[in-house]
Each structure stands twice: as structure tokens, then as C-alpha cells.
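Asks: Going line by line, the protein sequences match chains W and D.
Under the numbering used here, the first sequence has 15 at position 13, and the numbering climbs by one with no breaks.
Under the numbering used here, the second sequence has 218 at position 206, and the numbering climbs by one with no breaks.
Treat the hints with care, since some could be wrong.
Computed list of lysine to any residue pairs in SDA-like fashion (alpha-carbon distance at most 20 Å, straight line) [as the list claims (entries may be wrong)]:
id, chain 1, residue 1, chain 2, residue 2
1, W, LYS33, D, ALA259
2, D, LYS312, D, ALA259
3, W, LYS105, D, PHE169
4, W, LYS105, D, ASP263
5, W, LYS33, D, ALA261
6, D, LYS238, D, ILE400
7, W, LYS109, D, ILE400
8, W, LYS105, D, HIS167
9, W, LYS33, D, GLY256
10, W, LYS39, D, ASP263
11, W, LYS109, D, ALA261
12, W, LYS105, D, LYS56
13, W, LYS109, D, TRP271
14, W, LYS105, D, THR265
15, W, LYS105, D, LYS238
16, W, LYS105, D, GLU168
17, W, LYS39, D, GLY256
18, W, LYS28, W, PRO15
19, W, LYS33, D, ASP143
20, W, LYS63, D, ALA259
21, W, LYS109, D, HIS167
22, W, LYS33, D, GLY151
23, W, LYS33, D, PRO142
24, W, LYS105, D, ASP143
25, W, LYS39, D, ALA261
26, W, LYS115, D, ALA144
27, W, LYS105, D, THR172
28, D, LYS288, D, GLY322
29, D, LYS56, D, PRO73
30, W, LYS39, D, ALA258
31, W, LYS63, D, SER173
32, W, LYS105, D, PRO213
33, W, LYS39, D, ALA259
34, W, LYS105, D, MET166
35, W, LYS115, D, GLY151
Computed from the model, here is a short list of chain W residues facing chain D with C-beta under 10 Å [stated by the list, open to error]:
id, residue
36, GLU16
37, PHE29
38, SER48
39, THR91
40, GLY120
None of these hints come from the bench; they were simulated from the model.
Heads up, the beta-carbon is just placed ideally off N, CA and C, and yes, glycines get one too.
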Amino acid sequence: MADHVFVAPPASPESAAFYAAAKEGKFLIGKCTGTGKYFWYPRAVSPFDFGPTTMEPASGKGVIYSYSVMRRVSPPFSIAYVTLDEGPTMMTSIVDCDFDALKVGQKVTLVWKPSADGTPVPCFTPA
Amino acid sequence: MTIKRQAYIVGAFEHPTRKAPDKSVAQLHAESAAGALKDAGLTKDDVDGYFCAGDAPGLGPLALADYMNLKLRHLDSTDLGGCSYIAHVAHAAEAIAAGRCTVALITLAGRPRSEGHSGTNARPVVGNVPDATWEAPFGPVTPNIYGLCAMRHMHEFGTTSEQLAWIKVAASHHAQYNEHAMLRDVVTVEDVVNSPMISDPLHRLDCCVVSDGGGALIVTSEAIAKTLNRPLVRVLGAGESYKGQAAGAVDLTYSGAVWSGPPAWEMAGVKPADIKYASIYDSFTITVLMQLEDLGFCKKGEGGKFVSDGNLISGVGKLPFNTDGGGLCNNHPANRGGITKVIEAVRQLRGEAHPKVQVPNCDIALAHGTGGFLGSRHGSATLIMERI
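With the rest of the complex left out, here is chain D (with noise of 0.2 Å):
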């Protein structure tokens, strides 16, 4: 069974808020649930399907179905951190071809910022986590995690600092056209190399915002999606894995997703050169370098040379990439890119980016994230889709 071609996202919905101190998660979801089904013109009792993440409260995806009254047939709440929902679009499409439903729902929300969570602090130590016992006493929060990835890219390859900047850099020029971006303000290499430095060799201005907020996609058959009024995206290929340690074997050069790109470049049957539109996550710039090398958008090493002098800005490069802002300048919500990754993606593949961003004849794009901490294990998910 293959899921070429076999799955289509009709609706998309990015809720607006970026702070929601009187909200609940659980109504965030909902809320992002109401708004995607709305962009597809289904309805609540057309969804058969519910996905769901770690952000979901409560037992897996079973509060939030009860939530929302739901009526389903299947359940997936596979959780590979803030990758998490690009995986589910390939999992929904394998439902959808299985006949296990028909309307598949995802949902993301959280609200990190209202509730003063921030990455410096360190994370709670959960019970009965493996490596907690050996590497909890050496505090692994987020940036510093990250950082041992661009410390070590930098020593093996002489990538600088300037050139993790312009990835930050083209991700404002897009911010700057986004309404509900989070950050607005154009900036230069000057300024992210000049902000003050939160974890060597990662800036400031290295980091994505956190932001409260939520994200909703549907996906669903080709029968369905055929009797809705909306640009039709279907999905192309897919991938996911994990990374680790390998037991002592560390290598922080490289990504998942030189094991979650190669199947979905296969699936679907095009190379990095097709891709008019590329969604990376972006939790900090150096996710963001290391990603494209290991999708092959460019030889690994080579990274901080090519996302360099504008190009991923839209208009302007030969790879324009999170035309909203992205996480580092527009939304991060409940501390997982994923969901925003696929729908900025669907909105260019429509034809429905800001018209300052919008990629001209966008056909093919492409979504790929990572989910935990690049550093030390890490989910991987790559989804790319198509206009038809």
C-alpha cells in the first residue's frame, strides 16, 4: 500500500492567538479543530479520525476526543515531539487508504507562554526515563542542547555564526508581512550575532519565540476532497525516523532526516530541485542548516553557505523557506513546530501566502521537522505534497 497521491489536506487552520492567558489548551485545540474544519467546509460530525501529540492534556488523544464529543473510528496520538504532525498527515493518509476513516483531524495547542515556561529552565525529570539518571545532574535544557550541535557543525565544517544569522534574517523579512507574528521587525546578520548569547554559540536571536497558540489540519479521501470548494493538495511522500545516541556512538553532524528524507524523496518521486516551497523547522537556526544538508537541499558542510546572502527569502533565493516567520520570528505553539510547518506549506501550495511571499506557480512543497532535542535523541518527519 502506498500513500502517493492517496491523501489530500482540505483544511488548515493556524489560530491567531500568540497569548491566551483565558483560554484553555484543551479549547485551543478545539478552536484550531473548528477553524480548520471551517477552511474545508466539512463540518464536526464529518470527522471519523483524530491525531493528536504530547501537548494533548490527559490520557493520549482519549480527553481531548471526549472533549470535543467525537465521533471515531480512529485513534493515532503517536508522539516523536514537535515533528509529531507532520507524521501525522502520512499516518492519516494511511488510515484514509486503509478505510480506517475517512476525515482524519489533527490538532496542536499549548500555551508555554502564558504559563512562564521558558527554554533555559530545565525540564521536569520525569519518572523511570532511561537517561534521565546519567544525564539529568548535567542540566540538557533546550538551547544548550542545540548548542553542542552548532559548536560541533562549526569545528567539523567552519561554519560561522554570521551564516547561522541569515537563516534568522530571511525568517524576518517573511515576519515582517505576517499580521500575527510574533516578531515583525526586519534584522540583520549584525543583529543576531550582537544579541546577547544564551548558550555557545547560539544568540538570542538564534532561538524561536514561545508563543501560546495552536494549529489543526484535515486530511481526507479523494472522493471527499473532490466535492469541496478548495484548492486541492494531495500528499506526494513521506518519511520518519528517530536519532539517538547509538549507545556512545555520537555523532552531532547530522539529522533524522537523513533517514526520514530519502523515502519520501522516493515516494514521491522528485528530487531537492523540485521543491518550489520548503517549511523547516526552525527551533533554532542551526535546525534549520542541518536539515536542509541532510535533505540534500545542499552537500553536508555546505549549509552555512547556502542559506547565506538571502537565500531562503522569498523572491529573492533559490529556496524560500517559512514565508510566515517560521518559528523563530512568527509562532511556536506549545513548544512543537510541526503543525505550522504543513500549513504554511498548504497555504503556498494554494496560492494563499501573503502576496509579498507567496511563491509564484508553487506546485510542490516540502515540510520537515524535528521533535525533542537535536542533541541527544530526536523524532524526524518529512512530508512533501502537491498541487493539483
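In isolation and in its complexed conformation, chain W is listed as follows (with noise of 0.2 Å):
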């Protein structure tokens, strides 16, 4: 069975420096100037107090919050919201794993998946 493709990310500003540090499999998160919370998605205004923001290297470590495996495309892929250690949640794919066996609160890593233009995108797999 061939590989889900990824859509690629439309371009954006506010995600070219994300993407850019995606590429040297760096991962990164916003972060606000004014309050020094971490928030998901990043952007440049921040969602705080509409002050700066700057985006900042995150472990990439977290727990799946919730998830749905879309069964009625071939081949299934999975729709996920991981909570990351940072504190945000973000959405996402649980990748390279058995989908029954996936599970609410289970801990997952970063792993970065091609997209259908090249830019990884970031996905997660059980720990």
C-alpha cells in the first residue's frame, strides 16, 4: 500500500522561518515576549496581549490529547492533538504505528514527515 501523502503546508510569512528550521529538523514553538508564554500556532502577533512574539526550540516531546484514524480513505491516516511538554497543544499526525493500538494520553516524539513538496511537516509517534 503506498504512503499517506501529506498535503503541503501553504506558504505563509508568519511559517517560513518554522519551516525553514523544519528543514534542518529543528522544531519550534511561539513564544510570547510580553508574557513568556508558549502558545500553538505560532504567529507574530501574540494571542496574548497582541504584543511580540519570537518562536522558540521545543523538546517535541507530548501526549496525545485526542485522535481520529480516517478509515474511509486507502490508505487510513490519523488527524491527532498532542499536548506538547511546552504546554500547547497542537494538531497534528500519529505516524509510523499501529493505529488500533493507539491510545488517549499516551506519550509520543516528534518525527518529521515529508510532505508532498518536500517540507517536513511535524508528526508524532509513540514513544
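From the two separate chains plus the hints, produce the assembled complex.
Replies: Below you can see the structure in the form of C-alpha cells.
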């Protein structure tokens, strides 16, 4: 069976630095300069105080908050929310695993997967 | 300014089609508008306010207003997804109370069935949507985003597939009496949980239908309503809100109803136990369950128990819901079910629902919906109505 193909992320001035870092294997998340709080998804204007933000390296470790496996396409693919150790919860996909064995609360770790145009996208796999 | 008891729903029409390959979307809007005006006993020339949402082709309300050749002094194309039309009733009431219009027309129509749209297909990525660069790679279609909510609800509260199935069972009991319903066969809990898995933990029969069709509503002032030969149904309370991902503080256990519900209850001066009939948006079974909890019909986490054993079946349970068969069995025109929620509530309040599902002495009803995607970002609208 052919592998699932991830849609290439549409380009945005706000994600260019993230995907440039991804190509070097670095995983970044948003941080509010004013409050020091991490957030997802990264954005240039802070969702907490409308002030400046940065993107900071993150551990790539987390737990599955929820997941769903789309069975009506071939091959099936998963969508998930993973709560990162840094706090924020992000939409992602759980890969390289037995879909039938996934559990909410399961520990996962980041793995990059190439999307349709080669841009790596942040997925997770059971730790 | 309050809208409580300030506006009357005098026209309600659900287009009978469920498949319309030979009609245009604009035509379905206009045919629905004509049906609602006829129901009210008004004419096209009486309309001076027009409300529509994202299913309307063209720029906002302009193309359809022009297609129908309306003469308007108030336009509103607020788009909260499928619940927009529930919010539009409140917006129309506000406009009427403020003197900006006297006869408001609300329309919805679409042809997703004829156009081959399926909930399992990816929706096209629209330029500049801020979340797309982060989320489009992971294939958020419709069933899997709702599946995320159902999976988390099961984890937190022990909700089961069998409990969710009861929601579909209740809708099917009602749909058997609706000659226009897409799915009229009564189904069992076993039928639902044994239907093919679409996106865990949602089965095919946990999902609403994909249908062509449309609907329209007419909202007007007390002075005009009292000149019409129709039962009097008026707005008692309303609220609207939205829920998103809160910058990463994702919590899928509740919906925007926790914010759109309280102002509606407060304005109306009634409580869940006063509601004789409820139209609850049913894009999926889990949508109904979460909204019932969030509106206060039962405690958070106890929705599974609340919907079980036929509690939503008219004549059987304590809270008759979606007596037209809802989106799960009857109709989900344009992939947006909000207007049919108001239409069936109006039928119930008028005593014009099918005799087999009509709630006796239905004097207070609620219509509530979500729009967009329950598990990522969605609109929420609540409307409480009374018959006088």
C-alpha cells in the first residue's frame, strides 16, 4: 500500500521561519515576549497581549490529547491533538504506528514527515 | 434594547428537494424565499431586510439580493457556518427592534449532493486562512475533526458508541413520518455501531446526510405579525459565540454553547426544564450530545446517559428533539443545518409538525446549532421561541 501523502503546507510569511528550521530538523513553537507564555500555532502577533513574539526550540515530546483515524480513504491516516511538554496542544498526525493500538494519554515524540512538495511537517510517533 | 418578544417568525419553509441537479443554487434560494413568504401570507415586495451566509453565491448578500430583485434597507451576511441562520433570526429581531427593517427574509440553499461533495474529501485550502499553513498537512476534513471530540469525550467521561447511537435511533424514529426525509428507515443501536467506521470513533450512521435543498424564514414586527392569519411565534431569547483553540489551550470537552446558551436563557427567563421541544444541530451524533450538556439539559459528562433509551424520541422521552429527522436522517442542505432547526421548531410551536411527532401543548422551544468544525473552531447560536 502506498504511503499517505501529507498536503504541502500553504506558504505564509508567518510560517516561513518555522519550515526553514524544520528543514534542519529543528522544531519551534510560539512564545509571547510580553507574558513569556508558549502558544500554538506560532504567529507574529501575540494571542495573549497583541505584542511581539518569538519562535523558540521545543522538546518535541508530548502526549496524545485526542486522535481519530480516517478509515474511508486508502491508506487510512490519523489526525490528532498532541499536548506538548511545554504546554500548548497542536494539531498533528500520529505516524509509524499501529492505529488500532493508539490511546489517549499515550506519550509521543516528534518525527518529521515529508509533505507533497518535500517540506517536512511535524508529526508524532509513540515514544 | 432587548429583542425579547420584539420579533415574530411568521414564515418558515423547507424546500422539499433533496437532490436538485437541474436547479441552480440561486434558484433554490429564491424558491425557498417564495415558499416562506407564501407561508406567512406576505409578498416579495414586503421584504425590506435580507439575511444570508456563506452558502450564498457571490459577494456577501449582493448577488442573491439582485437575483431576487429585492428592495432593501437592511442587509446582513454574518457567517458562523451552519448555525448562521439561527443567529440571523436574532439579528433580524435586532434590526426590527431598531427600526432598520420590518420584514426580514433569511435564506439558505445549496447542492452538495449534486456537486459530489463528501465530508471525507479535503476542503479546498483558501488563501490567507491563518491556520492553514499549520493544519492543512494533517487532513482535517469533517468527520475526523468531530471524531477528535468524540474520542476525547469517551476518554474523559466513559461515553460509549452505543450511547451516541441512541441519538441516531431517535432521529430515525422521527424521520419515518417525514415523506421528504432522505433516510426513513428506523434503525437500532446495533445498526449504528455495526455500520462502517468512518473516522474513529464515528460510524457512518453517526454522520448526517449530504443533501441538496434550502430553506427560508420570515421575521417581522408584532404589528405586522398580528395582521397575518398565522399562529404567533416570537423570539424569547438568543445568544451567539464561537470557540477556537485558545492559542493551544485546546479543550474538546465542551462547545461554544457554554457561551451562546446562558445569555439566551437569561433573556428568555426560562430554564432547560421549560423547553417542550429542542432542535439541536446534528452534523454528527457527538455534536448533539455535547450541545445538550453545554446548554444545561444534563450535567457535563452525563450526555450519554441522558440520550439513551429513547429519551429524545417524541412521545417516549423527556426531551423530544429534531422531530423532522434532523440532519442525521432528513436534510442537511448546503452542508448547513441551522435553518431546518428553526423551521422544525416553528412547526412544533404552531402545532404543524407531523401528528405522530407533534409535542402536545408545545409553547416553548429551542433551536441551537454549531457551525464550522466542532474540534477546531466553530460558531455557536442559541434561540429560544414561544407561541402565544
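Asks: Next step is simple, just say for each hint if it's right about the structure.
Replies: These are the hints, each one checked on the structure:
1. Using a Cα cut-off of 20 Å, the hinted pair LYS33 of chain W and ALA259 of chain D holds, with the two alpha carbons roughly 11 Å apart.
2. Simply put, LYS312 of chain D and ALA259 of chain D have alpha-carbon atoms about 24 Å apart, too far for the 20 Å limit, and the pair is violated.
3. Taken as a hint, the LYS105 of chain W and PHE169 of chain D pair is honoured in the structure, with Cα atoms around 15 Å apart against an allowance of 20 Å.
4. Restraint check for LYS105 of chain W and ASP263 of chain D: the C-alpha separation of about 17 Å stays at or below 20 Å, so the hint holds.
5. As the CA atoms of LYS33 of chain W and ALA261 of chain D are separated by approximately 14 Å, the hinted pair is consistent with the 20 Å bound.
6. As the CA atoms of LYS238 of chain D and ILE400 of chain D are separated by approximately 11 Å, the hinted pair is consistent with the 20 Å bound.
7. Straight-line distance between C-alpha atoms of LYS109 of chain W and ILE400 of chain D comes to about 57 Å, which puts the hinted pair past the 20 Å bound.
8. For the given pair, LYS105 of chain W sits about 9 Å from HIS167 of chain D by alpha-carbon distance, which is consistent with the 20 Å threshold.
9. For the hint pairing LYS33 of chain W with GLY256 of chain D, the CA-to-CA distance comes to about 19 Å; that is within 20 Å, so the pair holds.
10. This hinted pair checks out: LYS39 of chain W and ASP263 of chain D have alpha carbons roughly 18 Å apart, not beyond 20 Å.
11. With a C-alpha separation of about 18 Å, the suggested pair LYS109 of chain W and ALA261 of chain D falls inside the 20 Å cut-off, and the hint holds.
12. Taking the CA atoms of LYS105 of chain W and LYS56 of chain D, the gap is about 57 Å. The hint is violated against a cut of 20 Å.
13. Taken as a hint, the LYS109 of chain W and TRP271 of chain D pair is broken in the structure, with Cα atoms around 33 Å apart against an allowance of 20 Å.
14. For the given pair, LYS105 of chain W sits about 17 Å from THR265 of chain D by alpha-carbon distance, which is consistent with the 20 Å threshold.
15. Distance restraint check for LYS105 of chain W and LYS238 of chain D: the Cα-Cα separation of roughly 59 Å exceeds the 20 Å cut-off, and the hinted pair is therefore not satisfied.
16. The suggested pairing of LYS105 of chain W with GLU168 of chain D holds, with an alpha-carbon distance near 12 Å, which does not exceed 20 Å.
17. For a cut-off of 20 Å, the pair hint linking LYS39 of chain W to GLY256 of chain D stands: about 18 Å separates their Cα positions.
18. Only pairs whose Cα atoms come within 20 Å are accepted, and LYS28 of chain W paired with PRO15 of chain W is accepted, the gap being roughly 18 Å.
19. Between the alpha carbons of LYS33 of chain W and ASP143 of chain D the distance comes to roughly 17 Å, so the proposed pair stays at or under 20 Å and holds.
20. Distance hint between LYS63 of chain W and ALA259 of chain D is fulfilled; the C-alpha atoms sit about 18 Å from each other, no more than 20 Å.
21. Distance hint between LYS109 of chain W and HIS167 of chain D is fulfilled; the C-alpha atoms sit about 16 Å from each other, no more than 20 Å.
22. A threshold of 20 Å between alpha carbons decides the hint, and for LYS33 of chain W with GLY151 of chain D the separation of about 26 Å lies outside it, so the pair is violated.
23. Under the criterion of a C-alpha separation no larger than 20 Å, the hint pairing LYS33 of chain W with PRO142 of chain D is consistent with the structure, at around 17 Å.
24. For the proposed pair LYS105 of chain W and ASP143 of chain D, the alpha carbon gap of about 26 Å is over 20 Å, so the pair is violated.
25. Between LYS39 of chain W and ALA261 of chain D, the direct Cα distance comes to roughly 11 Å. Compliance with the 20 Å bound is thereby established for this hinted pair.
26. Proposed proximity of LYS115 of chain W and ALA144 of chain D is supported: the alpha carbons are some 17 Å apart, at most 20 Å.
27. A hinted pair counts as satisfied when its Cα atoms are at most 20 Å apart, and LYS105 of chain W with THR172 of chain D qualifies at roughly 15 Å.
28. Between the alpha carbons of LYS288 of chain D and GLY322 of chain D the distance comes to roughly 16 Å, so the proposed pair stays at or under 20 Å and holds.
29. A hinted pair counts as satisfied when its Cα atoms are at most 20 Å apart, and LYS56 of chain D with PRO73 of chain D qualifies at roughly 16 Å.
30. Between the alpha carbons of LYS39 of chain W and ALA258 of chain D the distance comes to roughly 13 Å, so the proposed pair stays at or under 20 Å and holds.
31. In summary, the hint linking LYS63 of chain W to SER173 of chain D is not supported, as the alpha carbons are separated by about 31 Å, beyond the 20 Å threshold.
32. Between LYS105 of chain W and PRO213 of chain D the alpha-carbon distance is near 12 Å, which keeps this suggested pair within the 20 Å criterion.
33. Straight-line distance between C-alpha atoms of LYS39 of chain W and ALA259 of chain D comes to about 10 Å, which keeps the hinted pair within the 20 Å bound.
34. A threshold of 20 Å between alpha carbons decides the hint, and for LYS105 of chain W with MET166 of chain D the separation of about 11 Å falls inside it, so the pair holds.
35. Of the pairs offered as hints, the one joining LYS115 of chain W and GLY151 of chain D holds, with about 14 Å between alpha carbons and a cut-off of 20 Å not exceeded.
36. Taking 10 Å as the C-beta contact cut-off toward chain D, the hint placing GLU16 of chain W at the interface holds, the least distance being around 7 Å.
37. A cut of 10 Å between beta carbons decides the hint on PHE29 of chain W: the least distance to chain D is about 13 Å, and the hint is violated.
38. Of the supplied interface hints, the one on SER48 of chain W holds, with its beta-carbon coming within about 9 Å of a beta-carbon of chain D, less than 10 Å.
39. Satisfaction of the interface hint for THR91 of chain W is found here, the shortest Cβ-Cβ separation to chain D being roughly 4 Å, below the 10 Å cut-off.
40. The interface hint given for GLY120 of chain W is broken, as the beta carbon of that residue sits about 12 Å from the closest beta carbon of chain D, more than 10 Å.
Checked against the numbered hints given earlier, this structure breaks hints 2, 7, 12, 13, 15, 22, 24, 31, 37 and 40; the rest are met.
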